[in-house]
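S.K.: With the hints as your guide, set chain B onto chain A.
Number of protein chains: 2
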Amino acid sequence: MPETEHRWVIDLELTPPSLGDNTADADRLVAGLQKQLGSPNVSLDRTALLPLPDLLRKNNYRVRCIVCRDRGAWKVIFATGPADDRPIAGLAVDLGTSRVVLRLVGLADGRTLAESAFDNPQLNVGADILARIHYADTTDGLEHLQKLIVDGLNRHMALLCRQADITQEQIHLAAIAGNTAMSHLLLGTNPHWMIREPYIPAVNRPGLTRASDLGLNIHPGGRVLVFPNIGSYFGGDLIAGILYSDLHRRENTAILVDVGTNAEVVLGNHNWLMACAGAAGPALEGGVTKMGMMAGPGVIDRIDIDPKTHQFQVHTIENQKPIGICGSGLIDLAAQMFLAGMIDLRGKLVPGRCDGRYQEKDGLGYLVVIAADRSGTGKDLTIGQADLDSLTRSKAAMFTILETITTTVGVAMQDLSKFYVAGTFGSFIRPASAISIGMLPDLDIDRYKPLGNSSLGGATMALMSTDAVDEIDAIQERITYMELNVNQDFMNRFSAAKFFPHTDPSRFPSVQVWQE
Amino acid sequence: MPETEHRWVIDLELTPPSLGDNTADADRLVAGLQKQLGSPNVSLDRTALLPLPDLLRKNNYRVRCIVCRDRGAWKVIFATGPADDRPIAGLAVDLGTSRVVLRLVGLADGRTLAESAFDNPQLNVGADILARIHYADTTDGLEHLQKLIVDGLNRHMALLCRQADITQEQIHLAAIAGNTAMSHLLLGTNPHWMIREPYIPAVNRPGLTRASDLGLNIHPGGRVLVFPNIGSYFGGDLIAGILYSDLHRRENTAILVDVGTNAEVVLGNHNWLMACAGAAGPALEGGVTKMGMMAGPGVIDRIDIDPKTHQFQVHTIENQKPIGICGSGLIDLAAQMFLAGMIDLRGKLVPGRCDGRYQEKDGLGYLVVIAADRSGTGKDLTIGQADLDSLTRSKAAMFTILETITTTVGVAMQDLSKFYVAGTFGSFIRPASAISIGMLPDLDIDRYKPLGNSSLGGATMALMSTDAVDEIDAIQERITYMELNVNQDFMNRFSAAKFFPHTDPSRFPSVQVWQE
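These protein sequence lines are chains A and B, in that order.
In this text, residue positions in the first sequence follow my numbering: the first is 1, and each later residue adds one.
In this text, residue positions in the second sequence follow my numbering: the first is 1, and each later residue adds one.
This is chain A alone, in the form it adopts within the complex (with noise of 0.2 Å):
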């Protein structure tokens, strides 16, 4: 994180009023604040205002208060006196489309008071986003959405402020980062024309919006900050998660890649960032396997198979008995597969090799990856020659994807100073395990750093300085979106990408000494 310029929270002293200065109080204060944040354009919500003059008289022309930074003008959004020791909070919001995140954090200090996550209600009414797009163009669909979401919002933060022994009140700030559509949701506005060519979202940068005026439970003159978006297909979950990877101030070109049903990728330094987005397939989020889920209690995240014995060692969150595997599980099963030789070259099943693990239905092959006996559902936790195609085409894509975006820009992969991967994929992924498969590039082991919750971790850096605000917006101005065209050049690398880990295996030479 770089250093906290300036605070939401900032303590003035002024001089007393006199006959010979009759300033008003509002404006003592507006002039104190232009002295403070060396801007002309400073002025004072009502809810500011109403309280004001008893306030200083009260606390002897010493007070404290909360701006905001919106589009050049400074609001002042609270005030209260300097002994005021109730934290001042801020919200922090990941707005994904299953799981929505919050923290809770003192504005003053950047303390973090609580946390909490909850499934996004939305899920009810559809559980990707696309159904949720149609829904909003349904008779009042896009107000029961927003209301479903807001409501969440509000029941998980009541929660969370009974936790951090705060009121609702207490809360001045939220800043929330989602990805598109949800930033729509959120907002009321219909993503309708989204998803329709040419993919026109409503709005790019919502800046700050009243709390009030979204039904969001915090303090009357609260403001929410959505993080802007560079267009449907990358929202403000990716620059909040630039903004977290420190990305736009390296001076060594870096990467970072979100990997998903959709793989969001950005590219750049502290002079230029490039991003793209493309289709990867659901396989790298557990999605299509039987077996595939979500990352939860029981199921599959790392798996080691002995190279001489060839024996499974299997680990699951919690250490329950496995349930299913998830994404990394299933990179890490497919890489250990092909080091043992139990898949070849393009991916498929290479019977003699399994060991008796290797059975076939309506002539389809597939393998046993835990027997019934010893699996949490009491049946054949398995994997199919289907669902390991269907990972080669995810796997393929991933890294076309990273191919062309670096072709494009002429950086060699292997000059990427750090590669940056979000989300909880890239907490839990291996990236040996990734290289093998020849998913992602075969780098020192070292530049790999998963980057957890860069949504939230976004979010949270909003809340520590108002000048994130502005490198929010800089970073959204600053990234060029390059449409990935699926022309002749990329189904060629799509193509050489399909092999284990690639059809020119000196580009994994890693993979190479793995095998041996």
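Derived by calculation from the structure, the hints in this document are not laboratory data.
Each statement offered as a hint is correct.
Since the list can't tell identical chains apart, any single copy or any two copies may satisfy a pair.
Straight-line Cα separation of at most 25 Å, SDA-like style, residue types lysine to any residue; simulated pairs: (1) Lys75 - Gly38; (2) Lys75 - Asp213; (3) Lys58 - Pro87; (4) Lys449 - Val314; (5) Lys75 - Gly215; (6) Lys75 - Gly207; (7) Lys58 - Gln36; (8) Lys147 - Asp54; (9) Lys75 - Asn41; (10) Lys290 - Ser427; (11) Lys348 - Ser506; (12) Lys35 - Glu477; (13) Lys58 - His192; (14) Lys75 - Asp473; (15) Lys58 - Thr138; (16) Lys75 - Ser39; (17) Lys75 - Gln34.
Quick caveat: nothing in here was measured; it's all calculated off a predicted structure.
M.R.: Relative to the frame of chain A, chain B by itself:
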């Protein structure tokens, strides 16, 4: 009025989006406005954002929007189609302590749509502003006063809209000019400290407030511009007056006077502005004499006394039977009596010159202006020595204030290029009469300019151009407010001015001519 530079209504034609230009709808509009307005600080209100996507597509990316500017930041507060031929209206308000005047104008063309006036409903709570300021300190008193005036505005706005055949939703902007206390009571800010040393208002520059925050029933996204003040005793009504008079743009020094119980004076030109305010007493508003009253049907507003026959020629408003006299009528009466020799240099009645109109009661002399049989009240309308003494003090105070401010700045009264007189008083007063009694300086009559309702005029100008907001702020900033110290100099000037027209008659050469 200066030329209109930027209307509040802007018509734009945007380039439709394409695969190669996927800027979001809101950001496309913002970019268009940034170019048009020459400012990077443009954003959209939620009320303007929500309908935008459909609006743009229905109108092939041609859009009409209302923008407003506050502290350097532009906001789009409404957007509609270019073919929308419903008038977009603004409301100008002269927010008087006693009387409120409304004017509905078209924001796009500046045309006046309708006008009306009503008594300030706060009169029921307190006739004068001091009573209301005290009432504001009682339980719910401030809220009650705010509700009274806002309800009054809403009620009369509804009538006005019916008259102009528009809906209240078609009003997007209100510009309100009132004295500092009335502005506070409208905003709901407590004027408590205004009347207590060192006399500090809660706010000098309220800027733009959301109409919905004040409860004003115009368009939900509409804004209210409350004119700034420069202290408890120099309000937004006077800033509006300066804007309207153009004093701040004139090359030659001129003066603007608002005559009332409190006399407010602004002196200046395009380089500087100096202001002061002082108590002149209620006589000039017709507030002390038994027969004094505010202008209305049957009220004497003009009197001529034939210098030979001493016959009274009385003019009343709407030519009804006389029932009283207003401030300007009283000045006429005193001036004519003085010129006819009925009162002497000290303002004392000269019984022998009063042709039987002179009477006494309890040892106090008075003059019958209208005998009972010709009056509208069935009683004699009289003016007493005490009334005349009160007028003498008031006119002396007025002249002393004028002399003090001009002397302080070093401008000879004779060099004033224009002498603006604001308000109803300014419209009715005959400069020659005011000069005759030595209330106003002996300038060429044609330098005197009545301004009429300059508060309403200034408020209307604010609706004509977005630049007016900056101009208003610039006026407010440029004014140097001079405290009138009642020191020996002041008292000497005041004593000298208590003569008719002055102890130094050479300062009033015209009066000597008129007396002959």
